[in-house]
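Using the sequences and the hints given, assemble the complete structure.
Now for the letters of each chain:
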Amino acid sequence: MKVLVPIKRVVDYNVKIRVKPDQTGVDLANVKMSMNPFDEIGIEEAVRLKEKGTATEIVAVSIGPQAAQETIRTALAMGADRGILVKVDHDVEPLAVAKILKGIAQAENPNLIILGKQAIDDDCNQTGQMLAALLGWAQGTFASKVVLEGEHAHVTREVDGGLQTGKLKLPAIVTTDLRLNEPRYASLPNIMKAKKKPIDEKTPADYGVDATPRLKTLKVTEPPKRKGGIKVKTVQELVDKLKNEAGVI
Amino acid sequence: MALDRETRDQFLDTVRRFVRDKLVPIEAEVSETDAVPERIVGEMRQLGLFGLSIPVEYGGLGLSKEDEVLVCFELGQTSPAFRSVIGTNVGIGSQGIVMFGREEQKREWLPKLASGEAIASFCLTEPGAGSDAASLKTTAIRQGDSYIVNGTKRYITNANKASVFTLMARTNPENKGAGGISAFVVPAKLPGISVGKPEKKMGQQGAHICDVIFEDARIPASCLLGTEEGQGFRHSMQVLDRGRLHIAAVCTGVAERLIRECVRYAQERTQFGSRIGDFQLIQAMLADSRTEAFAARAMILEAARARDGGQPISMEAACCKYFASEMVGRVADRAVQIFGGAGYVADYGIERFYRDVRIFRLYEGTSQIQQIVIARALLKGEG
Ligand SMILES: Cc1cc2nc3c(=O)[nH]c(=O)nc-3n(C[C@H](O)[C@H](O)[C@H](O)COP(=O)(O)OP(=O)(O)OC[C@H]3O[C@@H](n4cnc5c(N)ncnc54)[C@H](O)[C@@H]3O)c2cc1C
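Respectively, the protein sequence lines represent chains A and B. For the first sequence, the working numbering gives the first residue as 1, with consecutive numbering after it. For the second sequence, the working numbering gives the first residue as 1001, with consecutive numbering after it.
Derived from the structure by calculation, the hints contain no laboratory data. We put the beta carbon where it would ideally sit given N, CA and C, even for glycine. There's no promise every hint is true.
Cβ-to-Cβ under 8 Å is the rule here; a few derived chain B residues that face chain A [unchecked claim]:
no., residue
1, 1018
2, 1039
3, 1046
4, 1048
5, 1058
6, 1131
7, 1132
8, 1367
9, 1379
Over the 12 Å line for every Cβ pair with chain A, so calculated as not near, a few chain B residues [what the hints assert, rightly or not]:
no., residue
10, 1008
11, 1161
12, 1203
13, 1333
As a list, the in silico BS3-like pairs of lysine-lysine whose alpha-carbon atoms are at most 25 Å apart [said to hold, decoys possible]:
no., chain 1, residue 1, chain 2, residue 2
14, A, 16, B, 1022
15, B, 1022, A, 32
16, A, 145, B, 1022
17, A, 145, A, 169
18, A, 167, A, 52
19, B, 1176, A, 193
20, A, 16, A, 219
21, A, 167, A, 2
22, A, 145, A, 243
23, A, 50, A, 193
24, B, 1022, B, 1161
25, B, 1161, B, 1200
Structure, rendered in structure tokens:
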């Protein structure tokens, strides 16, 4: 069984990001980049499936600049078998990503595609769903547990107020939530071995996709600075402030 | 073997994340419980940390000295007790076998030490022999195809977890000097060998030192390290020599961590209506600490590269260990000062580091011994 795991290179979750002075975006100069944490969970889940003997091959795909190759190397060091880098030097929107992934899915015929539920840079939370729609496959989003059984995947999802378990027919799309697993650290021997694993280089055109952005960013600004809080004396005062000052109830 | 840039950066990044996400959050817990949790030791095994300095053909990572010290800078960014878990396998416990072991000794022990399945300790110090290690009294007397060992070793790191000891003992009691000493690779579980209770220490809770007592312990003659008797003192000095850059790099890592803590605190804490970081007297302490830590890093990297290039660096390694261990003491002292009362209170963790780093000026050669090594080399015209 083959598992495809798309991974995105994003600003490291520990970096305190800064907006560029001209408000066109986030300043990426000399900023540490790493694999989107939800995608790391995706790789970990695939590697665990392989260790259990359920999966036989894991293909990690990244769509992004040449440097995204480093992100693929990390996935290979964690246990993926080979990589595909689809080179694009500008931002790629979820729909274009989904279209490229559709092309890869058609070429690779995976039984399962595990994506992060969202990337921590743009927080779109769209790619998995769009890909499922384009392929016409079942989807289990926000997975906190995935159990494969024969032709099906049982996916437990974190929904408001509880857990929902769905049975998906394979091939299927799963998007990962935070509690699905705790990703491993790649050991140095595995980092070294990863250097020998193959990475194919492709372009969007190879899959007949025009990745030109359709959306225009007007302005990027920092969130407003939080003002200090106040202490209220009574419940009435709290309700009054929530109603009349904050306007939230 | 030197790693290529990309592999090295990826590995350092992994170690950095491991330290930040797994070790830093449990520093206080490890100190309170006086134990590093088994799951953390397991993750250290998986990362390959036990095998940093063991050659690749014996299952280790076989890092160049430069790569090893770069890893130590990262491992130093947290409680040094964590580093101690791997310390003896990477340094004094294993290097005798790596440098002087016979092929079968290497094959027997190095793969297990590299994986962390076995822990090695280094038994040199005795109640009556510390800096003057050549005066050690433990004896190993040849009897047929065995040696009978008697004596007590003191302050032996990781002895309570060790499966194997690198032991220095006197095989020729007639020769009271260095030439009468031989080194052995001894399985810890042999009859006649016992390990004392861990000592209560000033710092680095979670790392343990114990006495190792030999009472008519019969060890096979094949345990002799290498092929010749009388080489043990020379071997142990070379092992210590090799470990000095490692310790120096750990000191530097700790100093860098403390400086970050100081900068953060100096920007947060206000007195007299200003952040204390705005006071020039505080700034001077920050600048002094940063300058010294930078100097240590630079000299360690320079010495490590020279060693990788095949140059002898005994004296330089002593300079690095001497400077870095004294430097981190000063940096920790300033950290307490910058934190004020909070620096003295356990919750902030600064006083813990202050106690933790004190040992670096003592073990693997005190500062005075490093000074002697450096000055002797100079006077012999080697510097
Ligand atoms: C936490 C810890 C871990 C240790 N781990 C190990 C281990 O794994 N294996 C091991 O074998 N040992 C280990 N040791 C022992 C350590 O290496 C010795 O404590 C150290 O070498 C100093 O020896 P000593 O304690 O006998 O002090 P001493 O040698 O008695 O020194 C006392 C003082 O005299 C000074 N001094 C001694 N000689 C001279 C001189 N010629 N000129 C000027 N000053 C001098 C010293 O610098 C020191 O200030 C450990 C010790 C500790 C505390």
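Review point. What hints, given by number in increasing order, does this structure fail?
Key: 2, 5, 6, 7, 8, 9, 10, 19 and 22
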